[in-house]
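Let's have the full structure, built from the sequences with the hints guiding it.
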Amino acid sequence: MPETQKLIHEILPVGMLQCNCHIVGDPRTREAIVIDPGDDAARILEVIERHHLKVMAIVITHTHIDHVIGLRRVHEATGAPVYIHADDLDLYRMLDVQAQWLGWKTPEKVKIDQLVREGDVIRWGQYQAHVIHTPGHTLGSICLYMPSDVPGAIMDVTTDATAEKSSNHGAGKLFAGDTLFAGGIGRTDLWGGSFEGIIRSLKGKLLELPDRTVVYPGHGEATTIGQERETNPFLTGN
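Each residue of the sequence shown is one higher than the one before, counting from 1 in my numbering.
A portion of the hints provided could be inaccurate.
Keeping only pairs whose Cα atoms sit at most 30 Å apart, straight-line, the calculated DSBU-like set for lysine-lysine is [unchecked claim]:
hint, residue 1, residue 2
1, K203, K54
2, K54, K6
3, K54, K111
4, K109, K54
Note that these hints are calculated values from the structure, not bench results.
Note that the structure is predicted; figures quoted are calculated from it, not measured.
Here it is in structure tokens:
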């Protein structure tokens, strides 16, 4: 593709815990989504303005405080609807408890516009992402899977032909929240966490994706499904 037609994708590590916020935009239509505006709303909004983007959705992979501190300001500035999984609503209502536990100021809440579930598709411009419900880090943790960064690529990630179809397009992208990290997995000792649950989500869902899928964790560096399948100590072996 010409350079001007490449997917707009900026990653901003924000806040004290360096949560990875993603701005993903269509270079043709200028529609975009924002994933996990964890803090530093001014930086996020600067990127949106610089690329002349219209935000169609703000997607929260889970409602731990470090992923939502900037949510209210980004929501108010863009008017974009906010998407979370219903199973994380109670955790979102506990922001005051989370803040007290960390010694932080409680962020202002926003109205949740859309409750997503497994298999939902979020669309912006020529692109789309599939919602994968991955409980374990929290009850309502989700990942977003873009089957390709090629405009207009469409597929059903539940079919057995996923890997074969993906080979015909650009490598897929997985926005993994805090479910999967490079060399690790999300902690499971906080509210709603379950080690058995996160392993089921990883082995039963995420490892079903093509090996060359690029994984963007909620914190830290990117990796691939294949790399984690081979080297992640939580995923190797039986």
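- For which of the previously enumerated hints does the structure constitute a violation, in increasing order of number? Structure breaks hint 1 only.
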